[in-house]
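For reference, the chains in residue letters:
Protein chains: 2
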Amino acid sequence: MTQAIQNDRLIRAAFRQPVDRPPVWMMRQAGRYLPEYRAVRKQTDFLTLCKTPDLAAEVSLQPLDILGVDAVIMFSDILIPVEAMGMHLELTEGKGPVFDTPIRTEEQIDKLIIPDPTEKTPYALDTIRLLRKQINNAVPLIGFAGAPFTLASYMVEGGTSKNFAELKKMMYSAPSLLHKLLDKLAEVITIYLNAKIEAGAQAIQLFDTWAGELSPQAYAEFALPYEQKVFAGLKRTGIPTIMYINGCGNVLEQMATTGADVLSIDWRIDIGDARRRLDAAGFGNLALQGNLDPCILLGSKETIATSVQEILGKAGGVGHIMNLGHGILPQVPVENAKAFIDTVKNLV
Amino acid sequence: MTQAIQNDRLIRAAFRQPVDRPPVWMMRQAGRYLPEYRAVRKQTDFLTLCKTPDLAAEVSLQPLDILGVDAVIMFSDILIPVEAMGMHLELTEGKGPVFDTPIRTEEQIDKLIIPDPTEKTPYALDTIRLLRKQINNAVPLIGFAGAPFTLASYMVEGGTSKNFAELKKMMYSAPSLLHKLLDKLAEVITIYLNAKIEAGAQAIQLFDTWAGELSPQAYAEFALPYEQKVFAGLKRTGIPTIMYINGCGNVLEQMATTGADVLSIDWRIDIGDARRRLDAAGFGNLALQGNLDPCILLGSKETIATSVQEILGKAGGVGHIMNLGHGILPQVPVENAKAFIDTVKNLV
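Going down the list, the protein sequences come from chains A and B. Going by our numbering, the first residue of the first sequence is number 22, and it counts up by one from there. Going by our numbering, the first residue of the second sequence is number 22, and it counts up by one from there.
What the hints contain is simulated information worked out from the structure, not anything from laboratory work. Where a beta carbon is used, it is the ideal one built from N, C-alpha and C, also for glycine. A portion of the hints provided could be inaccurate.
[What the hints assert, rightly or not] Here are the simulated distance ranges between beta carbons: (1) A:Thr327 / B:Glu128: 25 to 31 Å; (2) B:Ala302 / A:Lys132: 47 to 53 Å; (3) A:Gly107 / B:Gln64: 36 to 42 Å; (4) B:Gly293 / A:Glu323: 55 to 61 Å; (5) A:Glu219 / B:Thr278: 51 to 57 Å; (6) A:Asn306 / B:Ala241: 29 to 35 Å; (7) B:Asn306 / A:Glu323: 38 to 44 Å; (8) A:Ser321 / B:Arg297: 35 to 41 Å; (9) B:Gly334 / A:Arg53: 44 to 50 Å; (10) A:Thr327 / B:Thr126: 21 to 27 Å.
[Stated by the list, open to error] When the alpha-carbon atoms are kept at most 25 Å apart in a straight line, the in silico DSS-like pairs for lysine-lysine are as follows: (11) A:Lys201 / B:Lys132; (12) A:Lys205 / A:Lys256; (13) A:Lys183 / B:Lys141; (14) B:Lys132 / B:Lys63; (15) B:Lys132 / A:Lys183; (16) A:Lys250 / A:Lys201; (17) B:Lys322 / B:Lys141; (18) B:Lys183 / A:Lys116; (19) A:Lys116 / B:Lys141.
Bound conformation, chain A alone (with noise of 0.2 Å):
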């Protein structure tokens, strides 16, 4: 029998359904913001302390303990099914990741496997149900995974990029490969959330943090048609999904038909354009998440608590989840972080 969630906000929310108050969390909310999360890397590398079920679950409370946020998404890496594939992985935080080896070529991509969660990432799958049992439904967990468009471009660049300049020129000079690619990813990325969600995920995000820098042309070929391919393989019963996207503006309309509930967006839009275009598309039964700049929690607390009620104001109430437009940076003081919160806890 499945407990009732106590603070269902997120749920209702994602659902378009009433909310005392919209819920309110965190991209990267389990962060180096953070001295207690600082202290628990000290002990650790990056990648163990993803790989270790007590330690990523004591990260992933940390946000829901000291500020008291709405849910508790799952520390964890969007390259950590990637490594799983085959492909080996440097993670330094800060730093960015690296593939050593970066896809170039058709062999390259036949030799990656489609991993058994269970088998290759257990840990995650560990984690999950160790938060669950800590958490006891006092707040969803949330669930991620990288988009496969997102996923191909570290794959392909071998890291962080800024032009995207090798991932596009197999787009457009060899696009059949790259859709092998993203074909490939589309299968492990369903496969690994369909795990997690039956380890206990209660809400699951796809990130195509990067998708953003398509035309809507490429957009349209090379990003949606795999965020559908994973969005329509999840056994999801009663479990809302979320697609965030940074630089959404120009695909709103389209990333309005991936299958996703919820979509996250960035902080370069106007939410209230936002809701006033999804409307007029005929996709009132959407949800919003976001969308303050990261950015303001550097500034002063009037101003991030009037940017929070003008986006609250914009956003109307229902079906809307508050987040930033993109992760917590590290710099940010954690009692500014507080005041994000506060302001849309205070509501009640």
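On the provided structure of chain A, position chain B as indicated by the hints.
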């Protein structure tokens, strides 16, 4: 007496007059993708090249001779007038600019001077005069400058930036300080561009490259008013003005109020949508420039031709200057740049 420009397609397109085909040029067309440019750069460092009229004119003319573009843009850097304000600039091509003492206090802003271009940056004006002689009115000569917001981003960050955290910290905690800097920059840039016009520039492009990183609210407060101030201050009878923002999609209608004749848009927005939005908002009088993804020039010649034709079709022939959505990348093969130019030129 002013001599007529033989190939005046760019001027005509900017003012939405009929042309036999759209004009075409490329942002950063005098650059590292050309072996002839690299040969000149071997003789000298980047800043010296900017400050030596003979050499700056030589590399400015290379794309006209080699590719047959419809306009020459004078070779320079947007940070040249900032250095003249009294900041110590180190500029290593490929690594990006470095200001070793970033602007953080009112005292520093007060110390910055309003340079007289004839006294502090005479080489920029000499380059224009020399180029006008050498071009001999075959095509128009474009002069350019960075917009106050983008220049301030380098001055406050101390160089290039991923998140613009320092700049936004100032924006959201000490906005009046940033406004003081932006206002001073608007004055400097207006004087600088007027000197370029007087020296012979026949079109002006203003680059607010990083303004697309702002929320629409922040753009309205920290970028737009200073773009407007610059355009309002230009003595520019008959000289078309072009406004460029990378990531302009969410602020296009605001950008239309800057006072520029042409909006230069990046590749993330569909140019047909941009045209429709401008027409619907009452800006049917403005022309568009762009907007091929520069990375498409890393692809096959067939993809280049197809993509160019798609943009030309959507832009509609009148009031369109064909260009990239951002600067050409150093790794582009010259024959691909030529394929881009030739696809447009083969229309007649």
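| query | Broken hints, numbered, in rising order? | reply | 3, 4, 11, 13, 14, 15, 17 and 19
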